[in-house]
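Enquirer: Please build the complex by placing chain L on the supplied structure of chain Y, with the hints as guidance.
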Amino acid sequence: MKRLMIICVLLPLFAFSSNIINEREQHFKQGISAYANENYALAIELFHQLEAEQLVSWELYYNLGNCYYRQAELGRAIQYWEKAKILAPIHSDIEYNLSIARERLIDKVVLPDTFPLFTWYNTMQRYLPLNITIRIIGIFLMLFVLILGGYRLYARKTERSYKGICITLGSLFLSVILLLTIVTIDTAQKRSHEKRAVILEESVILSEPADDATVLFILHEGSTILINKDIENEWANISYFDDKIGWIRMKYLGKIES
Amino acid sequence: MVIRRRYFTSIFIFCLMISGLWAQRVTLTASKTTFSIQEQIQLVFTFENIKNSPRSVDLNLHNNFTVIGGPYSSSNYSWVNGKATSSNKIIYDVIAKKTGKIKIPAYEFSIKNHVYKTSPLFITVRKTADPGSLTEGQEMPSIYMETILPKDRVYQGETFTLYYHLYTAEQVVNYTTNPISTMDGFIVDRFSLHDSPSSSKKVINGREYLIAGIASLTLTPTESGEFILPAKPFRISVKRSGQYRSKWEDPFFGNTSKNINIVAPADTLTVLQLPSGAGAAFTGAIGDFTMHVSMDSTLIQENQAATLRVNLIGHGNMDHFTFPEQTFSDDFELFEPKVKNAYRLSDQDYKGQRTWEYVLIPGKPGTYQFNDMVFTYFSLSQESYKTLRMPLKEIRVISYNELEGDYISGLSPDEVRLLSQDIRFIQMGEKHQVHLDYNTVRDSRNWVWYYLALAMTAFVVVAEVLLAFRNKNRNIIRYKNALKTAIMQFRKIHTDQSAEEILTQIETGFQTYLSDKRIAPDRYPEINDILKTIETYKYAPSNLSHAVLDSLKNKALTIIEEIEKA
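In order, the protein sequences belong to chains Y and L. Those letters in the first sequence? Residues 1 to 258, per my numbering, in order. Those letters in the second sequence? Residues 1 to 566, per my numbering, in order.
Next up, chain Y with everything else stripped away, as it sits in the complex:
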């Protein structure tokens, strides 16, 4: 009787949630259909409706990026592909589209070569999927504890000491865990503090948050900048490749990190 009651309560809930999922799927398909029919404005509207439901996916952001690219809104396209990249850091389609978009950028900065190890580390941080590394560390920890526990049990049972093997294996696991943890923490901190945005249209960067301030430099659509701080969501202090700092109106920026 009790079970029947539980089923009676849960079944409508399940049906309701599956109905929501189906509805979302339908919506998504409508967006694809609009895109295929080259009705990019409609596709953007439909995909944004899905975003408004507070549920997102890298596929949704990716499709939005594609729609904006077709609408010749390079800045928005880059913004959404970058958003997709946060959720799926190593997906080749996103990286490919971004590479094509970057070729269209007007502002091109060639940075001097850095020490190869730093370059490698930065690249790794850029593509590192945190969810996977966190899981890997967890699995390694689990294995470490299992090996340690197993060793203690076996040694107790057989009264034989495998100190050398145990220390070597333990050190190896601990080293890997430690290294991965440091890299993961560093990457996570960097990402949590990083607030990137894309220039949505050609904008002047000013010396102070005022329209009549001195123009420091101009940035064109699609350039990615870092937001250092903002004033009442109106003005933003930005950095462009670390050395160029100035103020820009927030409306010209498309935030990548929410």
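Take these hints with a grain of salt, some might be off.
The calculated lysine-lysine pairs, modelled on PhoX-like cross-linking and capped at a C-alpha distance of 20 Å, are [to be verified]:
| id | chain 1 | residue 1 | chain 2 | residue 2 |
| --- | --- | --- | --- | --- |
| 1 | L | Lys-103 | L | Lys-117 |
| 2 | L | Lys-555 | L | Lys-565 |
| 3 | L | Lys-484 | L | Lys-555 |
| 4 | L | Lys-472 | Y | Lys-157 |
| 5 | L | Lys-431 | Y | Lys-29 |
| 6 | L | Lys-364 | L | Lys-393 |
Covered by chain Y, according to a simulated footprint, are these stretches of chain L (three or more residues, beta-carbon under 8 Å) [as the list claims (entries may be wrong)]:
| id | segment |
| --- | --- |
| 7 | 429 to 436 |
| 8 | 452 to 460 |
Where chain L lies over chain Y, by a calculated footprint (3+ residues, C-beta under 8 Å) [as the list claims (entries may be wrong)]:
| id | segment |
| --- | --- |
| 9 | 41 to 55 |
| 10 | 90 to 97 |
| 11 | 144 to 150 |
| 12 | 230 to 237 |
| 13 | 243 to 250 |
Treat the hints as calculated values from the structure; they're not laboratory data. Beta carbons: idealized from backbone N, C-alpha and C, even for Gly.
Expert: Just chain L, lined up with the frame of chain Y:
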């Protein structure tokens, strides 16, 4: 009398003078007058009783000998029967360039208005290394060298490698030689002394030799004609034979190797001229090659660079030629080709590939066609000229206006190519959705393994603590559980067991209880009674009935109960 004495004195002084004059002389000797071409000999000039003798001699023996050491000098001064004699020696180490009977001419020395002359010296040089050339009674040397040429005749410009083989019946410890950096008529590509050569064994004239190619010389002839590749001296260290019983008897105090100078003989080589009719596309390449040509893009923007790559793969004299000069349309700005070499010296010649990269910058739009890329080389396998011909695709050069969009400034050829491509198609469905404020680090699903690891750690720690506690308080635990253990033991007794088994179980249970409780058997008289009864029953357990054993068990349990109560 006085006149007579003066007469004898004069004769004596004259004789002394004559003898003194006769003692002043120069001689030329050789350490050996008959030797093999591989051997090194010493030519010694001895100046006897001559002051101010020269310190070196102009030997002028280039045709027949190569001087490999000297001049070394030594002096000797001695008194014999009240008479002083002195001698100075000038010594040269030489090796013969050819076999046969060689005459070393007489040398003249003019010292303080006196002219001294040596006698001519006749020397016989034989080719000992060849077993066939040994005369009867002559023994094969225990160690000698041979110069191995890959072939007797090569073409001018052909890279080849000759090897110096060591034949030894002794234990060789080390070997050294001076490197060869130049040679008349040849480019010396490489002289290599092999540290760990491969070796083989061969029996020659009944003697086993270890043969090793200890050095190699890679040459490229620059002239045609007959050439003598000179003999090459080597210093070989061989292990001394164990003739001393201990190292204390060894006069060299443990220095267990000795050095031998051995010469790899000279050899003749014919360098042929290349046949005529090579053509304009021949730039001296000799060997065997294949050619690949590629253009990085066939559609480029005006004033942007396109790269033409010509890749030659094969073996031969890769270090000694360049790619034939190419002509392109005047509408292209052309730079010196960038050459990338990826070849190395193999056993015989150079092996690998060379790439020439031509950077072409079109000045104006249009469609351009190019001449075929042509390359001629002399094939060693077919001994004739071969021409490789590769056609080039036409290039379309577009103007700025032909590109769509406003983002065309400063594009490289790669960027132009990329612009001709499109973005990838949209995704057809969502596999996994997350909340808009999704944070990977905060996602509890990612931490499942940590929870498991934590639980496992807690389990291991608790187990460790419990086991440690148990080990530490083993006796107390046993004391506390004594009754339980005894009852468990007694419960195991079944009626279908044999009397002997039941008796053993009763005894074990009872004894374990006493041991766990640390009770001495003489503390209670009943305990002794039971133990004695068990001992008695053990003599004939098969005669015991189950009722008797039951009574014994109950008795034991009663005593345990009493002890517990006490």
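Enquirer: So if I understand the rule, the pair passes when the alpha-carbon distance is 20 Å or less; does Lys-472/L with Lys-157/Y pass?
Expert: holds, 17 Å
Enquirer: Are the Cα positions of Lys-484/L and Lys-555/L separated by 20 Å at most?
Expert: holds, 17 Å
Enquirer: Is the coverage entry for the segment 90 to 97 of chain Y by chain L consistent with the three-residue Cβ rule at 8 Å?
Expert: holds (count 3)
Enquirer: Okay, the segment 41 to 55 of chain Y and chain L, do three or more residues pass the C-beta test at under 8 Å?
Expert: holds (count 3)
Enquirer: Does Lys-555/L pair with Lys-565/L here, judged by a C-alpha cut-off of 20 Å?
Expert: With Cα atoms ~15 Å apart, Lys-555/L and Lys-565/L stay inside 20 Å; holds.
Enquirer: Check the hint pairing Lys-103/L with Lys-117/L against an upper bound of 20 Å on the C-alpha distance.
Expert: holds, 16 Å
Enquirer: With a C-beta cutoff of 8 Å, work out whether three or more residues of the segment 243 to 250 of chain Y approach chain L closely enough for the coverage to hold.
Expert: violated (count 0)
Enquirer: Establish whether the coverage given for the segment 144 to 150 of chain Y by chain L is satisfied; the threshold is a Cβ-Cβ distance below 8 Å, and no fewer than three residues must meet it.
Expert: Contact hint for the segment 144 to 150 of chain Y vs chain L: holds, 5 residues under 8 Å.
Enquirer: Does Lys-29/Y sit within 20 Å of Lys-431/L, going by the straight-line distance between their CA atoms?
Expert: holds, 13 Å
Enquirer: How does the coverage statement for the segment 230 to 237 of chain Y fare against chain L, requiring three or more residues with Cβ below 8 Å from a Cβ of that chain?
Expert: Violated, because only 0 residues of the segment 230 to 237 of chain Y bring their Cβ atoms closer than 8 Å to Cβ atoms of chain L.
Enquirer: Do at least three Cβ atoms from the segment 452 to 460 of chain L come closer than 8 Å to Cβ atoms of chain Y?
Expert: Per the Cβ count (6), the hint holds.
Enquirer: Can the restraint linking Lys-364/L and Lys-393/L be considered satisfied, given a maximum Cα separation of 20 Å?
Expert: Distance ~18 Å between Lys-364/L and Lys-393/L Cα, so the pair holds.
Comparing the model with each numbered hint stated earlier shows that hints 12, 13 do not hold.
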